[in-house]
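S.K.: Chain residues, written in single-letter form:
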Amino acid sequence: MNWRRAVALTLIAGPVMAQNPSTRLPGRVPAAALPAIDSIIATAVAESLPTEPLVQKALEGSAKNVPPARLVNGVRRGLLQLRQAHVIVSHAVPGQPVPEGHVAAVAAALARGLSGPIVERLLAMAPNEPPGPALHAAADLVAHHFNPDAATDLLVEAHSKGLRGVRLLDVAVAADHELQRGGGRTPAEALAHVRAMLPNVPVPEPAVTRRGTPGS
Amino acid sequence: MSPIDPRLQEALDGERDPGELPADLREAYARLISAAELLESTPRLSVANRVMGEIRQIPAHVPPDSPVRRMIRWFGRGRAVTVRLRPVWTLALAAGLFAMLLLPWQQGSVPAPGASEGIANFVGHFPGARSVEVVGSFNNWSRGLLHLSDDDHDGIWHAAAVLPAGTHEYMFVVDGERWVPDPLAGRYVDDGFGAGQENSLLFVRPAAAQP
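Protein sequence lines correspond, in order, to chains R and D.
With our numbering applied, the first sequence corresponds to residues 1 to 216, in that order.
With our numbering applied, the second sequence corresponds to residues 1001 to 1211, in that order.
Honestly, the hints are just simulated from the structure, not real lab data.
No experiment lies behind these values; they were computed from the predicted model shown.
Even for Gly, the Cβ is constructed at its ideal location relative to N, Cα and C.
Please note that the accuracy of each hint is not assured.
[Claimed, not checked] Pairwise CB distance ranges (calculated):
1. D:1154 to R:90: 48 to 56 Å
2. R:46 to D:1128: 48 to 56 Å
3. D:1098 to R:193: 53 to 61 Å
4. R:31 to D:1128: 46 to 54 Å
5. R:193 to D:1143: 40 to 48 Å
6. R:180 to D:1125: 16 to 24 Å
7. R:180 to D:1097: 47 to 55 Å
8. R:164 to D:1112: 21 to 29 Å
9. D:1144 to R:91: 40 to 48 Å
10. D:1094 to R:101: 20 to 28 Å
So here's chain R without its partners, still in its complex pose (with noise of 0.2 Å):
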């Protein structure tokens, strides 16, 4: 990796995804998709949806050649689940204004197949906390197979045994880890052991390049 790449990456990425949505699709997006797009996003504003999804799923879409029409489709389905999601954070965290990071989050959290009721059970445990990580180490438990409420359960009780953030991410991965190990252990029992060991879940060992560069 030329480190020059890697700063450019971190100097584009910021400045150009605080641009206006309506200026960054022309010219990357399809003529034929656009002014549908542009409607989506118009939509989502009046709503007070966060864009920069839709503004991405559009722009991965173009980048992808998929088809205008399926690419309308695609931008709309992700307004479809930030409506949804913006109803789970109201429901979630009531008498507050909803924040549009968590509105995202959520989105995202259904994409990945999370169950609206698990992801209020998330929200309402840490009303004030950037809800991304929860949500993934939830989605992550749910993709390999625990049973989505047991899973939230363990995750529940990691936080009110003060682990907070990425540490959660390390209770799913923990618990991927005891369902791996081999043995014949079931999902429900990999669960009990990492259960066992809270607050001291392992932290995984960063990923090490062959250059030596610690990674994530």
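Since the structure of chain R is already known, use the hints to place chain D on it.
M.R.: Relative to chain R, chain D alone:
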């Protein structure tokens, strides 16, 4: 050469009336005068005149000497240079060069991430691939910004980048046209475009949270 008759000379010089000359001298006088008149009527041609005439006929196509042209000529012309080195500076220069050679080469390192950033490593096994790049939400799904490299040509491509902490969706693009999820990502999400394609998910830990 026979000397000219003094009477004929005086007549040519205008000091004597040619009519007073004897008949043979009068005839010689007339031939000489006609020869002189013939010479005066013919233009005098010389080598110098012809050369200058040719030069004047050449069109003046050489542009005037510009300062840039003069500077280029100045740099291009060989010059004698005298270098006077003090031994102490020569030794210091040699020591500096030697120290640079001993220091570990840092080409592969990435800049230190900020508190809300982390380092992401991308590794993929693509034997025979000509190029591999990472395209994702962290670079607005733009091509050409983050290329993986395979310096030892073993088919294992890798790159590292400083990214904002949090979740990012991405894919590898192999040989500029084949979109491939990262087989080592462990987390995937349907891309929502109805073709069953999945993006890889990456959770970048903030550097402050690294053990």
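S.K.: Each of the hints needs a verdict: does it hold here or not?
M.R.: Against the structure, the hints:
At about 52 Å, the CB distance of residue 1154 (chain D) to residue 90 (chain R) agrees with the hint of 48 to 56 Å. For the pair residue 46 (chain R) and residue 1128 (chain D), the beta carbons lie near 50 Å from each other, so the given range of 48 to 56 Å is met. A hinted range of 53 to 61 Å holds for the C-beta pair residue 1098 (chain D) and residue 193 (chain R), which are about 57 Å apart. The hint said 46 to 54 Å for the Cβ distance between residue 31 (chain R) and residue 1128 (chain D), and at roughly 37 Å that hint is violated.
For residue 193 (chain R) and residue 1143 (chain D), the Cβ-Cβ distance of about 45 Å falls inside the hinted range of 40 to 48 Å, so the restraint holds. For the pair residue 180 (chain R) and residue 1125 (chain D), the beta carbons lie near 21 Å from each other, so the given range of 16 to 24 Å is met. A hinted range of 47 to 55 Å for the beta carbons of residue 180 (chain R) and residue 1097 (chain D) is consistent with their spacing of about 53 Å. Checked against the hint of 21 to 29 Å, the pair residue 164 (chain R) and residue 1112 (chain D) passes, with Cβ atoms roughly 24 Å apart.
Our hint of 40 to 48 Å for residue 1144 (chain D) and residue 91 (chain R) holds, since their Cβ atoms are close to 43 Å apart. At about 57 Å, the beta-carbon gap between residue 1094 (chain D) and residue 101 (chain R) misses the expected band of 20 to 28 Å.
In this structure, the earlier hints numbered 4, 10 are contradicted, and the remaining ones agree with it.
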